[in-house]
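**Q** Take a look at the letters that make up each chain.
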Amino acid sequence: MNPADVAQSVLPLTSSDLSLFTLFWHAHWIVKSVMIGLLVCSVWVWAIAIDKTVLFTRTRRAMDQFEQTFWSGQSLEELYRTLSSRPNHSMAALFVAAMREWKRSFEGHARAIAGLQTRIEKVMEVTISREVERLERRLLVLATVGSAGPFVGLFGTVWGIMTSFQSIAASKNTSLAVVAPGIAEALFATAIGLVAAIPATIFYNKFASEVNKQAQRLEGFADEFAAILSRQIDERG
Amino acid sequence: MQAGSIISTAGHAAVLLYALVSFSGHSFEMPPQDSLPVDLVSLKDFSQMTKGAKDAPKPKPAEKPKPLVEKIDQPKPAENTKPKVAEKKEEIKTASAAPPEPPTKPDKIAEKLKKPDEKPTEAKADPKPLPPRKPPPQPKKQRQFDPDKIAALLDKRDPQRNAATGAELNDKPTLGSVKGMAAMLSQSELDALRARISQCWSPPVGAEDTPNLFVVLRVLFKRDGSVAREPVPVEGSASKFGPALAESAKRALLRCQPFTMLKPEHYDQWKDIEIKFDLHEMLGG
Numbered sequence: 001m002n003p004a005d006v007a008q009s010v011l012p013l014t015s016s017d018l019s020l021f022t023l024f025w026h027a028h029w030i031v032k033s034v035m036i037g038l039l040v041c042s043v044w045v046w047a048i049a050i051d052k053t054v055l056f057t058r059t060r061r062a063m064d065q066f067e068q069t070f071w072s073g074q075s076l077e078e079l080y081r082t083l084s085s086r087p088n089h090s091m092a093a094l095f096v097a098a099m100r101e102w103k104r105s106f107e108g109h110a111r112a113i114a115g116l117q118t119r120i121e122k123v124m125e126v127t128i129s130r131e132v133e134r135l136e137r138r139l140l141v142l143a144t145v146g147s148a149g150p151f152v153g154l155f156g157t158v159w160g161i162m163t164s165f166q167s168i169a170a171s172k173n174t175s176l177a178v179v180a181p182g183i184a185e186a187l188f189a190t191a192i193g194l195v196a197a198i199p200a201t202i203f204y205n206k207f208a209s210e211v212n213k214q215a216q217r218l219e220g221f222a223d224e225f226a227a228i229l230s231r232q233i234d235e236r237g
Numbered sequence: 001m002q003a004g005s006i007i008s009t010a011g012h013a014a015v016l017l018y019a020l021v022s023f024s025g026h027s028f029e030m031p032p033q034d035s036l037p038v039d040l041v042s043l044k045d046f047s048q049m050t051k052g053a054k055d056a057p058k059p060k061p062a063e064k065p066k067p068l069v070e071k072i073d074q075p076k077p078a079e080n081t082k083p084k085v086a087e088k089k090e091e092i093k094t095a096s097a098a099p100p101e102p103p104t105k106p107d108k109i110a111e112k113l114k115k116p117d118e119k120p121t122e123a124k125a126d127p128k129p130l131p132p133r134k135p136p137p138q139p140k141k142q143r144q145f146d147p148d149k150i151a152a153l154l155d156k157r158d159p160q161r162n163a164a165t166g167a168e169l170n171d172k173p174t175l176g177s178v179k180g181m182a183a184m185l186s187q188s189e190l191d192a193l194r195a196r197i198s199q200c201w202s203p204p205v206g207a208e209d210t211p212n213l214f215v216v217l218r219v220l221f222k223r224d225g226s227v228a229r230e231p232v233p234v235e236g237s238a239s240k241f242g243p244a245l246a247e248s249a250k251r252a253l254l255r256c257q258p259f260t261m262l263k264p265e266h267y268d269q270w271k272d273i274e275i276k277f278d279l280h281e282m283l284g285g
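Respectively, the protein sequence lines represent chains A and B. For the first sequence, position 152 matches number 152 in my numbering, and the numbering has no gaps at all. For the second sequence, position 82 matches number 82 in my numbering, and the numbering has no gaps at all.
If you are wondering where the hints come from, they were derived from the structure by calculation, not from laboratory data. Positions of the beta carbon are idealized from the N, C-alpha and C atoms, including for glycine. Worth double-checking, as some hints may not be accurate.
[Said to hold, decoys possible] List of simulated lysine to any residue pairs, SDA-like, C-alpha gap at most 25 angstroms: (1) K213/A <-> M1/B; (2) K32/A <-> S237/B; (3) K206/A <-> H89/A; (4) K250/B <-> F221/B; (5) K32/A <-> K276/B; (6) K32/A <-> A19/B; (7) K32/A <-> S5/B; (8) K206/A <-> A19/B; (9) K206/A <-> A10/B; (10) K222/B <-> I275/B; (11) K58/B <-> M1/B; (12) K276/B <-> T260/B; (13) K263/B <-> L220/B; (14) K32/A <-> S8/B; (15) K206/A <-> I6/B; (16) K213/A <-> G4/B; (17) K32/A <-> L16/B; (18) K222/B <-> W270/B; (19) K54/B <-> K271/B; (20) K32/A <-> A10/B; (21) K122/A <-> Q232/A; (22) K32/A <-> F23/B; (23) K206/A <-> V15/B; (24) K206/A <-> K122/A; (25) K276/B <-> S237/B; (26) K206/A <-> I275/B; (27) K206/A <-> F23/B; (28) K263/B <-> D45/B; (29) K206/A <-> Q2/B; (30) K213/A <-> V195/A; (31) K32/A <-> F221/B; (32) K206/A <-> G11/B; (33) K222/B <-> S198/B; (34) K240/B <-> H280/B.
[Unchecked claim] Pairwise CB distance ranges (calculated): (35) F165/A <-> M261/B: 53 to 61 angstroms; (36) S5/B <-> S75/A: 37 to 45 angstroms; (37) I228/A <-> A3/B: 34 to 42 angstroms; (38) F23/B <-> R130/A: 44 to 52 angstroms; (39) S129/A <-> S5/B: 21 to 29 angstroms; (40) A19/B <-> F155/A: 20 to 28 angstroms.
Please build the complete structure, drawing on both the sequences and the hints.
**A** Spelled out as structure tokens, the structure:
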């Protein structure tokens, strides 16, 4: 890029009109694309955050409700009948998967009890991993934005400062009025990067711990349910 | 996921809009500060200003300080010993007994009514006297050529320039200080003095290695530059070479007098000075 052009593009920006839009508009196209990319990242991060918050809250509430009904002494057959059509949360899905395997083993033509215990555990394990996968989908985006956002913003800043120094060299004028607008717009890129990255990091940590907690809860329920079914198998067999 | 995206986008748009409105580079505006009118006065100017004039008015003997108040009121007789309530009652009684003076308002109005009447009569009584006749304009004087003032006519300097002497520079000359002279020992004079002394000075042998070895002598000069009195050591470093150093310095001074580089017109400046004899400074070590 011709330094004279840089000077031309930077110099008209006087300190009087340092609005956000002018800052963006006078930036180099690389800085511009960095800014837009970071803005999109920020939108995406917040979308994921809202989505995950809703998902986790709903899941936790459903789990509480399910555990209450499960331990209330209601017959498991009945519970299975109400839930089997649409297992709407992870613990229900776990329960339905185990019950389906149990029923299939007992109601078939040949009773296959010998390996039932193992099969039920396997089924529940698969269901847990599937549910956890569903819970932590897109969390990687948060982690990526959180760690890479500042760097991307910094890249935009470095580029902007480079161009502003080029403009200094071109105009042979080191007054602050020449340097300041370029640096301001360059720093704007870092600002956007931080704006995107800080919530991303916070949300990632929060959701990661949430996923961990819910996975443990699922595993605990699976173990308990497996124990109950194992007792039933032994009693019937 | 859709709801989240929509909410997030809307939120970002709102924040951006707000930032567009609110975020703008305000230029730093400094509150105007009251300027202190300060003139730079050089030392020379100052001493010129404080230079005394012979015909300055003598300072008056200090007047007796005027009392701050013009008239000291007599202490009020202690009337308040009576209980206040009783007093008030009396007042009310007297008020009811004798009606107070009529209020002044009607008076003012009456005056105002009277005034316009008076004015016209006055005006009629004595009409304005005719303005005094101007003296006839005198014929302009021919500029006379005064050969004595050629120098003044040629002088292109600023007529408002500062005069050189204290009496004119300072519109209120005082008797001034004794040393209120613009003349100071110039650097060249000092250097010459120093060079001369260091020529004559032979410091004691072995003293070169001692750090911070110096002696300060107070010297009184006569007007012709010779030493008036034996120089007196004022200050010196604590060292075994101290006395020898002072002696050698004294000898140097006495040997090299008179110091003709000291100009007699600045005699006030150098008639009583203290000279520091420092081995490393004087001999350039």
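**Q** None of the hints should be skipped; say for each whether it holds.
**A** Here is what the structure says about each hint:
{"no.": "1", "hint": "K213/A <-> M1/B", "in the structure": "holds (22 angstroms)"}
{"no.": "2", "hint": "K32/A <-> S237/B", "in the structure": "violated (72 angstroms)"}
{"no.": "3", "hint": "K206/A <-> H89/A", "in the structure": "holds (20 angstroms)"}
{"no.": "4", "hint": "K250/B <-> F221/B", "in the structure": "holds (13 angstroms)"}
{"no.": "5", "hint": "K32/A <-> K276/B", "in the structure": "violated (71 angstroms)"}
{"no.": "6", "hint": "K32/A <-> A19/B", "in the structure": "holds (17 angstroms)"}
{"no.": "7", "hint": "K32/A <-> S5/B", "in the structure": "holds (23 angstroms)"}
{"no.": "8", "hint": "K206/A <-> A19/B", "in the structure": "violated (28 angstroms)"}
{"no.": "9", "hint": "K206/A <-> A10/B", "in the structure": "holds (23 angstroms)"}
{"no.": "10", "hint": "K222/B <-> I275/B", "in the structure": "holds (16 angstroms)"}
{"no.": "11", "hint": "K58/B <-> M1/B", "in the structure": "violated (99 angstroms)"}
{"no.": "12", "hint": "K276/B <-> T260/B", "in the structure": "holds (19 angstroms)"}
{"no.": "13", "hint": "K263/B <-> L220/B", "in the structure": "holds (15 angstroms)"}
{"no.": "14", "hint": "K32/A <-> S8/B", "in the structure": "holds (21 angstroms)"}
{"no.": "15", "hint": "K206/A <-> I6/B", "in the structure": "holds (22 angstroms)"}
{"no.": "16", "hint": "K213/A <-> G4/B", "in the structure": "holds (23 angstroms)"}
{"no.": "17", "hint": "K32/A <-> L16/B", "in the structure": "holds (15 angstroms)"}
{"no.": "18", "hint": "K222/B <-> W270/B", "in the structure": "holds (9 angstroms)"}
{"no.": "19", "hint": "K54/B <-> K271/B", "in the structure": "holds (23 angstroms)"}
{"no.": "20", "hint": "K32/A <-> A10/B", "in the structure": "holds (21 angstroms)"}
{"no.": "21", "hint": "K122/A <-> Q232/A", "in the structure": "holds (18 angstroms)"}
{"no.": "22", "hint": "K32/A <-> F23/B", "in the structure": "holds (18 angstroms)"}
{"no.": "23", "hint": "K206/A <-> V15/B", "in the structure": "holds (24 angstroms)"}
{"no.": "24", "hint": "K206/A <-> K122/A", "in the structure": "violated (30 angstroms)"}
{"no.": "25", "hint": "K276/B <-> S237/B", "in the structure": "holds (11 angstroms)"}
{"no.": "26", "hint": "K206/A <-> I275/B", "in the structure": "violated (80 angstroms)"}
{"no.": "27", "hint": "K206/A <-> F23/B", "in the structure": "violated (31 angstroms)"}
{"no.": "28", "hint": "K263/B <-> D45/B", "in the structure": "holds (21 angstroms)"}
{"no.": "29", "hint": "K206/A <-> Q2/B", "in the structure": "holds (21 angstroms)"}
{"no.": "30", "hint": "K213/A <-> V195/A", "in the structure": "violated (28 angstroms)"}
{"no.": "31", "hint": "K32/A <-> F221/B", "in the structure": "violated (82 angstroms)"}
{"no.": "32", "hint": "K206/A <-> G11/B", "in the structure": "holds (21 angstroms)"}
{"no.": "33", "hint": "K222/B <-> S198/B", "in the structure": "holds (21 angstroms)"}
{"no.": "34", "hint": "K240/B <-> H280/B", "in the structure": "holds (17 angstroms)"}
{"no.": "35", "hint": "F165/A <-> M261/B: 53 to 61 angstroms", "in the structure": "holds (58 angstroms)"}
{"no.": "36", "hint": "S5/B <-> S75/A: 37 to 45 angstroms", "in the structure": "holds (42 angstroms)"}
{"no.": "37", "hint": "I228/A <-> A3/B: 34 to 42 angstroms", "in the structure": "holds (38 angstroms)"}
{"no.": "38", "hint": "F23/B <-> R130/A: 44 to 52 angstroms", "in the structure": "holds (46 angstroms)"}
{"no.": "39", "hint": "S129/A <-> S5/B: 21 to 29 angstroms", "in the structure": "holds (27 angstroms)"}
{"no.": "40", "hint": "A19/B <-> F155/A: 20 to 28 angstroms", "in the structure": "holds (22 angstroms)"}
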